[in-house]
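Keeping the supplied structure of chain E fixed, place chain Z upon it in accordance with the hints.
Number of protein chains: 2
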Amino acid sequence: MENAENICAPPVEGVAGGGTGYGWNEGSLRSSTSLSKVIDPTVVPTSDLLHVWCLPSTANVGHQEIPRHLEAISMLIARNERESAQVALRPKVTWSGSGIAGVVQVQCNDLCSSSGERLAVGQSLTLRRVVPILGVPDALVPIDLPVSRITVFPGDTSALWVSIDVPVDQPPGQYEGNIFITALKDDTDGFKGLAKTEKHQILKDLQTCVEMVEALDGKPLNEVSEKIKTASATLRGVLHSQSFPQFALDNESGDMMDEDTRTDLSVRIKLSVTVWDFVLPLTPSLPAVFGISETVIEDRFGVEHGSADWYDALNMHFKWLLQYRISPFFCRWGNHMRVLTYTCPWPADNHKSEEYYSDPRLAAYAVPYTPILSCDDAAKDALRKEVETLKMKPHWKKSYFYLWDEPLNSEHYDAIRSMASEIRTYAPDARVLTTYYCGPSDTTLGPSTFEAFVNVPKLLRPHTQIFCTSEWVLGNREDLVKDIMAELQPEIGEEWWTYVCMGPSDPHPNWHLGMRGTQHRAVMWRVWKEGGTGFLYWGVNCYEKAVVPSAEIRFRNGLPPGDGVLFYPGEVFSSSHEPVASARLERILSGLQDIEYLRLFTSRYGRNEGLALLEKTGVYLGPERYTLDHMPIDVMRAEIFRLCQS
Amino acid sequence: MENAENICAPPVEGVAGGGTGYGWNEGSLRSSTSLSKVIDPTVVPTSDLLHVWCLPSTANVGHQEIPRHLEAISMLIARNERESAQVALRPKVTWSGSGIAGVVQVQCNDLCSSSGERLAVGQSLTLRRVVPILGVPDALVPIDLPVSRITVFPGDTSALWVSIDVPVDQPPGQYEGNIFITALKDDTDGFKGLAKTEKHQILKDLQTCVEMVEALDGKPLNEVSEKIKTASATLRGVLHSQSFPQFALDNESGDMMDEDTRTDLSVRIKLSVTVWDFVLPLTPSLPAVFGISETVIEDRFGVEHGSADWYDALNMHFKWLLQYRISPFFCRWGNHMRVLTYTCPWPADNHKSEEYYSDPRLAAYAVPYTPILSCDDAAKDALRKEVETLKMKPHWKKSYFYLWDEPLNSEHYDAIRSMASEIRTYAPDARVLTTYYCGPSDTTLGPSTFEAFVNVPKLLRPHTQIFCTSEWVLGNREDLVKDIMAELQPEIGEEWWTYVCMGPSDPHPNWHLGMRGTQHRAVMWRVWKEGGTGFLYWGVNCYEKAVVPSAEIRFRNGLPPGDGVLFYPGEVFSSSHEPVASARLERILSGLQDIEYLRLFTSRYGRNEGLALLEKTGVYLGPERYTLDHMPIDVMRAEIFRLCQS
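In order, the protein sequences belong to chains E and Z.
Note that the first sequence covers residues 0 to 645 in numbering that gives the first Met the number 0.
Note that the second sequence covers residues 0 to 645 in numbering that gives the first Met the number 0.
Just so you know, nobody snuck in bad clues.
For identical chains, the list gives no copy identity; a pair is met inside one copy or between any two copies.
Below are the DSS-like pairs computed for lysine-lysine, each with C-alpha atoms no more than 27 Å apart in a straight line:
1) Lys-228 to Lys-218
2) Lys-184 to Lys-544
3) Lys-91 to Lys-544
4) Lys-184 to Lys-91
Just so you know, these hints were derived from the structure itself, not from any lab.
Chain E extracted, bound-state conformation (with noise of 0.2 Å):
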């Protein structure tokens, strides 16, 4: 039947052939492969075994990312800044034999300079796993270094997220480094990989030697001589024996870890940094103030409000999101808007207090508003107190109040009005936020929706000094901003800020879950274009009540998903508390990263210039016009680097 040679008649033309007819002809093409039926990773290399290739950080890679030819990673990044890229893994083949396509070995080491400095793994390199959160790309789970395993399933496509934090006082220069990725063999995991008989042939070889060794006590010298040769040659046997090497190299600690663990069969990741000599600001130069659910802490941690534990917990998370570039404040939501904000849970006259608000991170700080929960007397007066104390301190010009969230009627307005002129009669100069998206319902202020909205200064004045309004109500009319900004009197110290929550949605530029990468980043970018001078959201963690720490994530009815929460428990994905930080909340720091690099290039050429460059690189035009590809991110960079390095 083989010979294809002596075909009659040639098979002719049809048209509904489409994929049938592999097979006719393709006999020769078998043996074009080194791979043998049982596949050996330490002896055919990885990149016959895996696809790895590289994204850029605005990536979403799923499930079914398609693979692409590998490249290196090259970065430019500033001092105090961090940039990051993925590494995308899906198995060409199954070499392990247990429901997984196999155990890749993830090695890195530290960058170097040419003249010796160093990018150190673990500190300025680290690699997380991309988890889906409702089936898309999103928590960030750290993997040990410098060496880690990954498990890689069939027709799955796996992401690391490597990203490199560059120090402060990191000497400007080139800084070269690798990640090595390796297939390994089965039996990689302690006992998990061995066959049955094998594992049962350890235990009763140890059991064997217990017996052995006890039977010698009181026999004679030549028969314990001869005994004791058997039993240990025995236990080297076991300790020889497949699962113990591995055993051995298992050490994750780092200390023991060289190049030697990876071999010439491994894929090779080339990183190549260029850090520049520009400093991102220690203090970011927008305040962007982020809501975390101190609710959320109390009851999915279990701990006490007020007790050692609480503070514990909710001090972790304020020099967690710190590391961000975000100022952030606690709250507690009441059932309609009202809401509780402090961004240090000690009183002002704590030493801890001063630790918080003079931290440079911190760009803008929320003071407790004590009375909005117990209207006595005594809260009135410890919240005086507070802010006598508070005012005479330097950071007091990075305070804040923020006494209610987006007001609705002339009841809001008037509560609003009433807190605010308290405090202002032993802090004149204190500064009220207040946010909104419209003007309120029962008082005529203009014409139209939007004519009520930019008339809201008016209600206000003096009682609010940060207007801060939801991107939503600009729709795709971003020369509306100009209207805004003519009502606010910035000589008297009135600001404009934005935020996003629910809205905007797709294609405007917010943090939903399902958007797209460039589409996260890009809502920092808006906020520089259109010249706010702030920006608020309204929370980081807000999961749907839980009480394990651990809890399965389930997003609020009502919101979209993602929408209030930005990084998940560490304790859902593993024994870390250390929280996970989503892809989203990386490309917010990317965004306000971009902001340092747009005042610097502005600092230099000025606004006119900056805004040109942004639209010529096709970065950002508008709320519907902006890249949706990775590129164009770069070239801007770059751009902004070849344009202001000193």
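For chain Z alone, kept in the frame of chain E given last:
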């Protein structure tokens, strides 16, 4: 700050508060659970850790499937029938600390009747993991029985496919059994869950023992005695360390397992099976002939055509598919729909051919038309000899020749006529099967495309007996069936069969990946309702070319995902060589079994009553009107049981 009862003004109504409201007054719910921060599944009920619920076999259980209430699995099964259901698992919390939510033990036991009859685990009761392919749950990977371990991941729904095969001689009656789902402690995977320090302690202890025992040689007896005590104590310590009890327990051979290993903390899923006195005919009433690509087998498994391994591989595939009420044929596709097909790789004078052709589960077989590959006289003589042997056998009535796939012009038609004429010279009762979806493009057969299609029998009589048409041609015009039938002459043995391939597409019944489960099952309901007497499917294993058994599965370009692929190579998912069925293949089997139910029913009550039942229950009314839910299927089967049990 905590005194929520002292709020001066109650929060008022707002419109935009969706989701943010949680937290103001809910502090009192905090301690409503028994779960603590460290979750020990040996103490906490599994139901606190895991959602467990059941779903029918027609459900596509994705990663984000929403948990439901757990109910018992209840099945009605005939003898010689397989029925399936699914169990879904989704973690409520993470109780393991290594990047997974946890490990779950799945354990089941024999189903027993009150009179002591059994449906045995591993034979009648089997469990498989449902693994997504291109993100769609499809591959059914066997798991060990009666006890197995499943890893569950945070935010991820996993599914198990539960099948019960009732042997032909099983006594009818009520059978009851259970599946126990038990969350396991973190340290169950041998060393995997151990802390690093503990791992190293074990390794160090073993090494110390070796050194100690080896150093004994030549020492005085009293010293030996002392050291021996120390060494054996150390060894006992190792043996009783955390990893070894599990290690001993890790024997999955089945013989040592009993109900002791599950605890009162398990989730129990009740399985209740009614076996009834209907025996599905051993030989399927409707021949369903499905193609197996020999080329794919040769390439992927590296077996040389005609070698002993090649015969073994084909034999395995043939036998494996027979259990799905399918009559396989091997095939090799030409570039343009010329096709070589054969059910048995051995010639008719080999005793193996008898084993193939006489198997009662085989409803039809393809006779190899070898001259298609080589047109010399020797090939023609060999075919004649083959046919003359076969036509004397009782199984000859099951034979057919499948010579060309979808002829498109008069040249193709001439080729079919020429081949068929020659066969008929020595086998006048030979049956030739021809597939088509249109008339010849270069011949005017009627005023419309459909007329030309309907008139194909005029061109192929008496050179074709089985007119096998694409369901795609009908669209949603079920009434066109009578036009096709009107052209055929059943009195001279002409039959109408159908097929699906690329078409029809959604919402019509077909077997593509991503279609609904009932849509997969509906293909056979449609066949029965339309009255065809056989069915053809072009390919069960037509993946893209690969030369390693465990190579990633890629669907062919130009075909809808899943088209031509009904099972996967076992090597992709585990060390097993047994093919891994798709959920779609299981639904095909269910559809073929439904046909036997409907035939039983109509044998008692007539075809009109059968059609009325299909319609009344809402199971199938037409290619765009069939049930999307599972319930009507169970209702129909229960009705047939009620009205047909003897």
